[in-house]
Every structure is written in structure tokens, then in C-alpha cells.
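Enquirer: Sequence:
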Amino acid sequence: PLPPLNDAPVDRISSCFTGRESELSFIATSFDTFQSDKPTRVVSYGMPGLGKSQLALRHANQAFIAGTYSHIFWVSASTVEKLVQGLAKILVLVNHADRSHPDQDVQLAAVRLWLDHSQRHGCRRWLLILDNVTVESIHFLQEHLPRQNSNGNILITTRTCNIAESVANVAGQKHVLFELRALSKAQSVDLLLRKAEI
Numbered sequence: 001p002l003p004p005l006n007d008a009p010v011d012r013i014s015s016c017f018t019g020r021e022s023e024l025s026f027i028a029t030s031f032d033t034f035q036s037d038k039p040t041r042v043v044s045y046g047m048p049g050l051g052k053s054q055l056a057l058r059h060a061n062q063a064f065i066a067g068t069y070s071h072i073f074w075v076s077a078s079t080v081e082k083l084v085q086g087l088a089k090i091l092v093l094v095n096h097a098d099r100s101h102p103d104q105d106v107q108l109a110a111v112r113l114w115l116d117h118s119q120r121h122g123c124r125r126w127l128l129i130l131d132n133v134t135v136e137s138i139h140f141l142q143e144h145l146p147r148q149n150s151n152g153n154i155l156i157t158t159r160t161c162n163i164a165e166s167v168a169n170v171a172g173q174k175h176v177l178f179e180l181r182a183l184s185k186a187q188s189v190d191l192l193l194r195k196a197e198i
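So that you can map any letter, position 157 of the sequence shown is 157 in UniProt numbering, and since no number is skipped, the others follow by simple counting.
A portion of the hints provided could be inaccurate.
Okay, derived cross-link-like pairs now, DSSO-like style, lysine-lysine, Cα gap no bigger than 27 Å in a straight line [what the hints assert, rightly or not]:
1) LYS82 with LYS174
2) LYS38 with LYS89
3) LYS38 with LYS82
4) LYS38 with LYS174
Quick caveat, the hints were computed from the structure, so don't treat them as lab data.
Modelling step: build the complete structure from the supplied sequences, incorporating the hints.
Expert: Written as C-alpha cells, this is what we have:
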């Protein structure tokens, strides 16, 4: 079997991260309870600066430590170019035979097939995080994301509800989406105190 791997850049988790316990619980519970024969998608959307990426990182860190996933992959999704690079990197991380293939389409197909049939390759359970999906990347994702394997989950962050609804729709089934809102007053005060180290 493949050795466990958390590719999420967890060193970027802010030491000032505070609150968001209900959101973290919602993400974990949604992945546990949503019924689908495909990878479950949970989509977080909201204005820039609210902490969507931080929330995704925190979930990745907690879930990996808890043993929920054997493999976690982090891909920047703001442009198609970044998506291609990030998905191709998965082949390197899992030491796939096509990791150095010169044809991009072959690599993208290989990633999807690996995620679709990950148990065959010694991966017990995986999480794919797509950070900052944009209008530019929606069509690409609809073509290249895995379409089967309930042993995989996909956590997506984006800025708008429209994009969230597009990527939460999987073969006619609406997966989970939620809006990340500003911190409460109490959480904001806690954040300020942490930043000031009081």
C-alpha cells in the first residue's frame, strides 16, 4: 500500500485561526452522511478574506491526524493552468507510471482513473481539495474530476454562489454547499486578541 500522505500546505494555517468550529463540524458531518456512489463534494463559498482556504486547511489537518483519510491532495483551482499542474502533481505524489508522460491529456485521464479506482493502488480513502475555483475553471473541472468511488471526497472553495452551485451539481444530484460568513463579534474579538497576543 501507499504510505499515507497529506499534500495540503498545513504550515499555512494561521496561528490566529479561531472560531469556525461549527463550520468544521459541518464539513466533517456532510462528508460522513451524504449518500452518493460518487465522491461527495462539499463546497464553501464566500467573499475574499473570510478564511475559506484556512478552513479547508484546518479540515485537512484535523481529518488527516484523525486517520479519516490516507491521502489528501491540495490543488489551486484559480486557473486551468494551475489545475493542470496540480492534478499532474498527484501522479508524482502517488508515483504513477504516467507521471512523466509528455501528453497532458494522458496525464489528466490517468489522474481521474487513479482517483476513480484508488483502492486498487493501496489508497484507503482520499480527499481532494480544490482551492479558489473560478468561472474560468468550471468547465475544466466538469470534464476532469473523478466520477466514481465513494471512498473519495472533494472539498471546494470559491467566491460566488453561482460557481458553488455549478460545481456542487454532480450528474443531476446536488451535493453540499454552504456560505462562509463573517465571524461573530465574539469570534472577531478573539481573533484581534490573538493577533495582538494579549
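Enquirer: Are there hints from earlier that the structure breaks, and if so, what are their numbers?
Expert: Result: no hint breaks.
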